Amino acid sequence: MKKIKLGIIGMGRMGITHFSIINSHPQVEIVAVADTSKMTLDILKKYVPTVKVYKDYKELIDDSKPEALIVCTPPNLHYQVCNYAFEKDIHVFAEKPFTTDALQAEDLKRKFESKALINQVGYVNRFNDVFVTVKKYIKDGLIGDVVRFKSEMFSCTVTKKEESESWRSFRENGGGAVFEIAAHAIDLVNFIIGVPDKITGTSMNQIYSKHVEDIVSSTFIYKNGCTGTLYVNWSDTSYRKPANKLELFGPKGKILADQHGLKVFLNKDDEKTGYKKGWNTVYITDIFTPVPFYVRGNEFTRQLYHFANSILGKDNAKICTFSDGYDTQKVIHQIFSDAKVNSIND
Amino acid sequence: MINMEKIDKIIFGDNQFFGINHMSQEKAQQLSEKFFHIENIYKVYDIALRNGINAIMLNSNDRAKEICDHFRDNKSKYGHISWYPSIPYPHKYANMVNEKGIFPAINDVLFSNNSALGVLGMVAKGGLAVFNKDAIELMKMLVDVEVKMYKGLNVKVIFIQNIIVDLLLGYDVKDVFYEYCTYIRKKYNAIPGLITQNLPYLKTKLEEWGIEEVVICSSINKIGYLMSPDIQSYVETINKNDDTKYQLMAMSTLASGAIPATEAYSFINSLKLQSVVFGASSERNIKETVSLIHL
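Taken in order, these protein sequences are the chains called F and B.
Following my numbering from start to finish, the first sequence increments by one per residue and tops out at 346.
Following my numbering from start to finish, the second sequence increments by one per residue and tops out at 641.
Next up, chain B with everything else stripped away, as it sits in the complex (with noise of 0.2 Å):
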């Protein structure tokens, strides 16, 4: 088996350009005017990159293709850029799957003639058949159809979203990440990556599946938020893991804010880390992050 490629030890992410806090909706909503006008996007990405950082993780939601184009489209610029891309954006399915029940909803978005996702063309309709019982072939259709829009990016790592991958987790099926880990591999040349708010249960459960060789991003901050089930396992399972088999990244450091940064990150450099991802706005507080992340 060849080593897994290093990550970046810092990475930047995108919530705060989407009207995401965990904490406060004003302050989402707030968020979500500033950053109406794309260029107040790049502008952020723009300060990010003149302080150090190369590395990008983006949601595949409403607003990620039209990113991705303006970086493809200033290559000169940015092409040394690595990118995470997460998969899927999860609204997206929400309110079909509550209409129509998961699988119509699948089949909605893959098949559909409305569908603006586009993968009409690559199997006739009514191909659903072909598909029947075969959770594997959908999830590699649906895994095409959420990263093509970072074509031409230099794609280090896929992730799948927490939401998806705790629900399945939860189902105790090894053939789906098994799966899913040898078509991220195989197919985009890149590192498979799981979002998980139960590091602990995920990693024993990917060792015990034989799976190895994945980027493991999970919520990490010192009050424990988002830890299941609590940060006594997350500190026992970050500091015995073998970073040849599993790069274990952080996310939610500040706990959206609860934590000031620097008891946050003397807290986060403390770990076994392989990487930080965050989201910020303005240059002070990414100046201030990228000086205080240690790993």
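The following block holds chain F by itself, in its conformation from the complex (with noise of 0.2 Å):
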């Protein structure tokens, strides 16, 4: 049975997931790792001896020659390690945000596309079976064409003032709650609802950062006349884990949704559904699809597997490409642009 050799460069919170996740894949060997931390290192060659491991990236590209890549590095690395694993013809599966540049995130998407490599961006809500569910129903026209919409992400993710700076105290490296958190919110609305023609009313509200944004509201417009608003709050220590909301409101009914399940309301009643005039609640518990090895969610799993097995040959379904990652990057790129249009303290 052939295996994919693939490397992980950036054994963080995500590196650290990823490895457990891919590694139950029957037809994926993990080569090697990159990492800036010795100990890290350290620990993983003393415990998986199998895995060699590497300082620089580009020695491992260079040395293990691995066919994959899962890039999880922090974000403003991402373009150089995806450029270099390009050159040497290997598939790339990035973290989120993809890039902190739209244009480097158009170059990517136009250099892998050209030879046809896999690559895929980690933005895990479009492997989320409510998520996915919700995304069916706008297609097939059950509330009608969206007119309206919300999409809110809330956690608890900063919630003091920093006593140390890292790579997620500034924007240029990838950090702040619009890469970080809002990034999500986003790549949801470009999934379900489309990329918005239009991005204004921006703000932005420090609570505890001293150099990034901690909350971000934003209007998006779109030329079919389809509006929406974006707020999403990352020091919000109401929500113990992070949380995304979605509201769609079209003609013929409305859509309530999050990680856990959805609300439909209907003003009339749906046959293909089978959804009742008025309020019907749908729980994850309905719609779930089992994954062979479970870490930290479904979706978590369902993202790397479709990764692997699109190298395979087994999955065409190209779900979370560099081209999705690079409309994501767009819109948040003229979030940035409009909020600093609408800030009265320049």
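If you're looking for bench data, these hints aren't it; they were derived computationally from the structure.
Please read all numbers here as calculations on a predicted model, not as lab measurements.
We put the beta carbon where it would ideally sit given N, CA and C, even for glycine.
Hints are not guaranteed to be accurate.
Derived lysine-lysine pairs resembling BS3-like cross-links, with alpha carbons at most 30 Å apart [unchecked claim]:
| id | chain 1 | residue 1 | chain 2 | residue 2 |
| --- | --- | --- | --- | --- |
| 1 | B | K568 | F | K272 |
| 2 | F | K45 | B | K532 |
| 3 | F | K65 | F | K150 |
Calculated Cβ distances over 12 Å to all of chain F for the following chain B residues [said to hold, decoys possible]:
| id | residue |
| --- | --- |
| 4 | E351 |
| 5 | K373 |
| 6 | H416 |
| 7 | P434 |
| 8 | N500 |
| 9 | D512 |
| 10 | D518 |
| 11 | K520 |
| 12 | K533 |
| 13 | S574 |
| 14 | S598 |
| 15 | S627 |
| 16 | V636 |
| 17 | S637 |
| 18 | H640 |
Here are some chain F residues pointing at chain B (derived, C-beta under 7 Å) [as the list claims (entries may be wrong)]:
| id | residue |
| --- | --- |
| 19 | S20 |
| 20 | Y47 |
| 21 | G250 |
| 22 | P251 |
| 23 | W279 |
| 24 | T285 |
| 25 | V295 |
Mind docking these for me? Both chains are given alone in their own frames, and the hints should help you get the complex.
Have a look at this one:
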């Protein structure tokens, strides 16, 4: 049985999780990891001796010659790592946000498509059972064409003043509520509604962070008349875990959704889904599909298995490609520009 | 090898107290409001005990220390209870790991002056160098930090949370599991427990590694929710199990409320399980559940 030789660049929180998940895939062999922390590498070398460890990603690529890479470095390094992988014809899964610059994202999208290399970005909601169901309902016209929407995300990521600074403290490196949290809420809009034609009315707040935003809100406008708002707060201690919330309104009804379930309100009975006029509740337990190996949510397993199975030619769905990552990147940078225009302090 | 002590058939869980509901954030919020006052938690425990439950599973979260103190301070009333701690409280570490990376975060928990967990006295500052490359020693220290609050209670099994078990399971490293189990037996005279969402795979690995006399706790329910890879593999694994080697405990038996209790427990009763952990907050639900479980 063919096995994909895979490397992981960056063994932070996501790298550690991705290692565990993809190592369970019967047709993947993790051959090497790279990280700047000597301690992390020493521990890995001791307990997982089959995996080679490197301090330098280029050395990993040149020496271990992986066919596929999972890139989980701080976001500002994604571009150079992906570029080097491209030169060596390596398939890449890059964590979100895809890059810290829209032009870099476009460049990577163009390059990887030109060589038909498998490329994927880690917007994991595109693999969540609830959001996949919502997308299907919208596509099937369950509530008609969406006229208005709200995409919100809350987490208790930053809840006190930082004691020390890391890459997460600066936007240049990919830090801040927009890059880290809002990126998911924006990508969900792109996934379910489409890429907005105009961004306006953006504002940001700082609560604890010195250099980056803790809260962002913005308005998305579409040529077809649809409009929506984005509201993201990563300093909300009323949330134990990160929560995505989506509200979609159309002429035939409305949908409320989060990662755990959805509610559908319809003006008339719907034959296809069997939903009645009025409120209908769908829980995750009604629509989940199990995964072969579970670490932290079905969607995390599903996204990495999709990457591996795409390389193996077993899955042709092309979910969350660099092209999708580029679309979300564009919106992110439009939001930054719009916030600057709206600021009265500068 | 001495025979593994039998675990309690019915164990009272804690998710309902701490705003955890996998199906509904709204429901979780309501519960978290209700149990904001810790006296309301004690009242529910008293109802559970009145209805014949003698065992408690409690995660080492922010509020667990106070709960442990309460039970310890009222030993004459609660001395007969068996405890099933689960460690760690993952969210405590999640953000730290995000900020700094996993090993610096562990370093902070163990050695920082500001650490509320207070193991500083145990090791001189800069002691991390001693543990360099030795994840096992780090693991033992983290266990000590988390288990400290249960001291003086009758601890029967010490569980590791599924987020850690399943993460490590993916790395396919025997040593960490082996050393954990040995440490729990020796230092705490308790049975090692592992919580997982991958029961068939974990059990296969434990057998392969020769690790026995372990309690495995896993989501087990009629609809296959949080059961990887699938329900059929679970049923086979459970029914083939030798309970002198592995005692199996079911959690999420109602799949967060998706299955009516009667239906849920007729499925559970049909399996060769040793124990069920469940959480409920009303006397009616507690009574009903106790009456439905026949292992």
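Hints versus structure:
1. A hinted pair counts as satisfied when its Cα atoms are at most 30 Å apart, and B/K568 with F/K272 qualifies at roughly 27 Å.
2. For the suggested pair F/K45 and B/K532, the alpha carbons sit about 28 Å apart, so the restraint of at most 30 Å is met.
3. As the CA atoms of F/K65 and F/K150 are separated by approximately 45 Å, the hinted pair breaks the 30 Å bound.
4. Every beta carbon of chain F lies more than 12 Å from that of B/E351, the smallest distance being close to 29 Å; the non-interface claim holds.
5. Separation of B/K373 from chain F is inadequate, the least Cβ-Cβ distance of about 10 Å not exceeding the 12 Å criterion.
6. The claim that B/H416 lies off the interface holds: its Cβ sits roughly 23 Å from the closest Cβ of chain F, which is beyond the 12 Å cut-off.
7. Every CB of chain F lies more than 12 Å from the CB of B/P434, the least distance being 15 Å, so the non-interface label holds.
8. A cut-off of 12 Å between C-beta atoms confirms that B/N500 is not in contact with chain F; the least separation is 30 Å.
9. B/D512, annotated as away from the interface, has a beta carbon of chain F within 12 Å; the closest lies near 5 Å.
10. Separation of B/D518 from chain F is inadequate, the least Cβ-Cβ distance of about 7 Å not exceeding the 12 Å criterion.
11. Listed as a non-interface residue, B/K520 fails to keep its Cβ farther than 12 Å from every Cβ of chain F; the least gap is roughly 9 Å.
12. Remark: the non-interface label on B/K533 is consistent with the geometry, its nearest Cβ contact in chain F lying 21 Å away (cut-off 12 Å).
13. Non-interface status of B/S574 relative to chain F is broken: a Cβ of that chain comes within 12 Å, the nearest being about 4 Å off.
14. Not every beta carbon of chain F lies more than 12 Å from that of B/S598, the smallest distance being close to 10 Å; the non-interface claim is violated.
15. Separation of B/S627 from chain F is adequate, the least Cβ-Cβ distance of about 18 Å exceeding the 12 Å criterion.
16. Distance check for B/V636 against chain F: the nearest CB is about 24 Å away, which clears 12 Å, and the non-interface claim stands.
17. Listed as outside the interface, B/S637 is consistent with that label: its C-beta sits roughly 24 Å from the nearest C-beta of chain F, beyond the 12 Å cut-off.
18. Once the 12 Å rule is applied to beta carbons, B/H640 is consistent with being away from chain F; the minimum gap is 24 Å.
19. The closest approach between the C-beta of F/S20 and any C-beta of chain B is roughly 3 Å, which is under the 7 Å cut-off, so the hint is satisfied.
20. A cut of 7 Å between beta carbons decides the hint on F/Y47: the least distance to chain B is about 5 Å, and the hint holds.
21. Checking F/G250 against chain B: minimum C-beta separation of about 23 Å lies over 7 Å; hint violated.
22. Given the 7 Å rule on beta carbons, the hint for F/P251 is violated: about 27 Å separates it from the nearest Cβ of chain B.
23. The interface hint given for F/W279 is violated, since its Cβ lies 13 Å from the closest Cβ of chain B, which is over the 7 Å cut-off.
24. A distance limit of 7 Å between C-beta atoms decides the matter here; for F/T285 the minimum to chain B is near 4 Å, and the interface restraint holds.
25. For the restraint placing F/V295 at the interface with chain B, the shortest Cβ-Cβ distance is roughly 5 Å, inside the 7 Å limit, so the hint holds.
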